[in-house]
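Hey, can you work out the whole structure from these sequences and the hints?
Here are the chains, one letter per residue:
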Amino acid sequence: MTNTIHTTAVTTKKDWTSDQEVRWCPGCGDYSILTAMQLLMPETGVRREDTVFVSGIGCAARFPYYMNTYGLHTIHGRSPAIATGLAMARRDLHVWVVGGDGDMLSIGGNHLIHALRRNVDLTILLFNNQIYGLTKGQYSPTSEVGKVTKSTPLGSLDTPFNPISVALGAEASFVARTHDMDRAHMQEVFRRAHNHRGAAIVEVYQNCNVFNDGAFAALTKKDARADMLIPLEHGKPVRFGANQERGVVLDDGVARVVSVADVGVDALHVHDETAADLSVAFALSRLADDRSSPTPIGVYCAVDRLEYAGAVDAQIATAQADRGPGNLAELFTSLPTWEVN
Amino acid sequence: MIDTKEFLPDVREVERIIVRFAGDSGDGMQLTGDRFTSASALFGNDLATLPEFPAEIRAPAGTLAGVSAFQVHISDHDITTPGDAPNVLVTMNPAAMMAELPRLESGGTVIANSDAFNQRNLAKAGYQTNPLEDGSLDGYTLISAPMTDLTTQVCKDLGVKPRDAQRSKNFFALGLVSWLFSRPTYPTLQWIREKFAGKDAIIAANEAAFKAGHAFGETAELSASRLAVRPARFDPGTYTNINGNTALSWGLIAASQKADIPIFLGSYPITPASDILHELAKHKNFGVRTLQAEDEIAAIGAALGASYGGHLGVTTTSGPGLALKGETLGLAVSLELPLVVIDIQRGGPSTGLPTKTEAADLLMAHYGRHGEAPLPIVAANSPSDCFAAAFEAVRIAVRYRTPVILLSDGYLANGTEPWRLPQIADLPNISADFATSPNALNEDGEEVFWPYMRNNDLARPWAVPGTAGLMHRIGGIEKEDGTGNISYDPENHQRMVTIRDARIKKIADSYPPTTIEGDLDADLLVVSWGSTWGAITSAVGRMRRSGQKVARVHLTNIYPLPNDLGGILRGYQRVVVPEMNLGQLSKILRAEYLVDARPISKVEGQPFTAAELHHNLLEMNR
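Sequence order for the protein chains is A and B. In terms of this note's numbering, the first sequence opens at residue 1 and continues consecutively. In terms of this note's numbering, the second sequence opens at residue 1001 and continues consecutively.
No lab work stands behind these hints: they were computed from the structure. Cβ coordinates follow ideal geometry from the N, Cα and C atoms, glycine included. Take the hints with a grain of salt, since some may be wrong.
What the hints assert, rightly or not - Computed list of chain A residues with no C-beta within reach of chain B, every gap over 12 Å:
(1) K13
(2) L154
(3) R192
(4) D223
(5) D227
(6) P237
(7) V254
(8) V258
(9) D262
(10) F282
(11) D289
(12) P294
To be verified - Simulated DEER-style distance windows between Cβ atoms:
(13) A:E171 x B:A1425: 47 to 53 Å
(14) A:D290 x B:S1431: 54 to 60 Å
(15) B:V1497 x A:T12: 39 to 45 Å
As the list claims (entries may be wrong) - Not the full set, but computed from the structure, chain B residues with beta-carbon under 8 Å of chain A:
(16) I1242
(17) E1327
(18) G1466
(19) A1468
Shown next as structure tokens:
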């Protein structure tokens, strides 16, 4: 129970794979996310016993059972809160939080935003499939307006959340987006999130092939990606297209897709993921408001900000330096006392 | 201890006095009562206090809704309640007089700030005429003093603005009452200097007002009213005057030190529990981590997460918050992790009477969860007993790997009494006993770790992340007995439900034998829990002194109930259960033991008085 961080382990994918049978539907996007994680972990050099996956309820929340680490499958929506306590108690651990769009943005929305603003050292993966899977197909807080589901036979009326905008609004210090069709991209974004000190959130566009098949296909299928996904790379102009012919400019604070030929390369927005002012990242998050427009992926922001659990420990260290370690006899006599002989 | 030389020839000695300070919320009555109590504690009296204040921070000035009161009972012998009818009532305005006079004993003493009894305030309080002048107080001893005016006058020469000077009038009242009851003055003067250090004008004004009040008593020929209460006989030791929430916080800290695991408190502010968060937040040098969470659910969630990581997870709340924590309690029952959940009960349902006391959450603590989700319940019986109750809750949580609900209430939380400091070496040890090695063999004969293997207590191992070789995955889904793997098997679920029930019941094996106090051969047995302890102790004492036979049992462990309780209950013709609810423990006793346990109920937002219980018990003993 020391707070020493160990980074010495040499492991393989197999070491990170638990003996439990994976029970997601065949063809579920969760499989490729799991594989990306199991491939990434040996590369990080961390020890399995120092790694904890915490989840809530939903299909995504079964994730911890399949990782050969410590795992805690909790209750609907509460995983960011439960993980906050664990991460505050045990800074030596690598605490991951895994959940879906219903878990994290509906029933657990409050816990998510507060974990982000506190900047507890958590790595949060939000599997966004824009549907409730485990309860068999109701619309979710990220479903598009008009979505016809069992609970919305005439189409949903709710305006969806944009998870990246929500996270930025909640003062998140690391916000990224990836998708389940590109293992290398997932692995790289997960690595970045894992290395971030503070609360990191990664939205993963994830296909639910049973209840919402192809929700992101227009963006993520192989032949569409070049034109539909806008890679965010730190220090580089934001551009995309098979021939890098399109780009993004900031027009009075509003992000807009332009033709590079029309504006020139120098006019393109140069991505700065370290910008402390999150308003540019927010503008980028508003670029696409549906699933058929070019959408930025990668790291929106990675800002260095006071990490909560470390700050709590620092207060404890200061208190102990100032007053000495706790002494019960001193505590008991800290109010006025009198002696009876 | 202060020597008793201060006793003067013209002072009449009495065994005990009950003083009630009442005024507007802004009049500083809680502080005044608290100072009077401290001086009495240092003097060596036994005492018990009952602060009562409105839910509003500043209700409209001068109204009945804004009346704030503080009752203190000081005695030369062991007492267990803040007293029945006050002997002395201090009223700082007409609203306080209107609201509080009915409590005063007949012929008691009323002290009033006559300056506040003007036309406007009298009307606000609903008086047609001034009670200080219309003869309506003829049956009482009235001491009327222009406190505001006299305070302003003595402050004039000190350069204190009249408006600020008026705010010191509560110290005038305190000075007068201190004189009247022969309290030593130096603890109050010293306190004023320490409390307001650096604010010389305020120190000067408060000191001047206090001394003026004291002098007023001397010069106004009030000697006939002057009383003294000798120090009480206490067992040898070091004492401090402590309220329930502080004692509870210290009990948690002491238990965490003994168990050598740090406290993690997840809490959301709620009256009357918030002071535990405040107190624990002060003691970070004990390694205490406090999280003021975004809501009640996050508060218990974070505490449970910390427990999973090997800390002592604690969450504090009151009734509405406990309701919100219910789902996570179910998870904690399923995960079988230590967790201490503290409910400082208040008047309910809903917002109810947030600053008033009640003990109506027992059935929620007992049954208020989904599924078969038993967990142990511990209840504190007096302000200082909150220390021992917290220690007991931690002992059970850690040894038996279970969430524990610890019940206190608003009366215990804010009430104070002298507490003899425990010898630290005498506090029992608690062993966290973390798992360090595999505990089973798999089919291939390899050593593995099964999270739901059990020891003789039927407790499972506490294997915290970071421990090599013990990696496991658990959650709220039903687990296979032993391996902890997900299991939907019907027979396994039956077995796990039965084990969870049996393992909690087994905790009763660790209790000491139940103590029966009073007359073992009585017909009447009084059974109780929680803060009714003091009033029942006093009422039972009165009955026995008057020659009536009565036995009583007070329960600290409400679930599981003690193994010997059924036999005890069946040994008496009549069993009565006084409770600050409509009969929740009596319902449980009837269900568990098929005995005719009769409730005595009070849900007025105030604790039982010994007098009313005495009366009720006499009725029952006919």
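The hints, checked one at a time:
no.	hint	verdict
1	K13	16 Å, holds
2	L154	32 Å, holds
3	R192	23 Å, holds
4	D223	39 Å, holds
5	D227	41 Å, holds
6	P237	39 Å, holds
7	V254	32 Å, holds
8	V258	41 Å, holds
9	D262	47 Å, holds
10	F282	22 Å, holds
11	D289	28 Å, holds
12	P294	35 Å, holds
13	A:E171 x B:A1425: 47 to 53 Å	48 Å, holds
14	A:D290 x B:S1431: 54 to 60 Å	59 Å, holds
15	B:V1497 x A:T12: 39 to 45 Å	40 Å, holds
16	I1242	7 Å, holds
17	E1327	6 Å, holds
18	G1466	6 Å, holds
19	A1468	5 Å, holds
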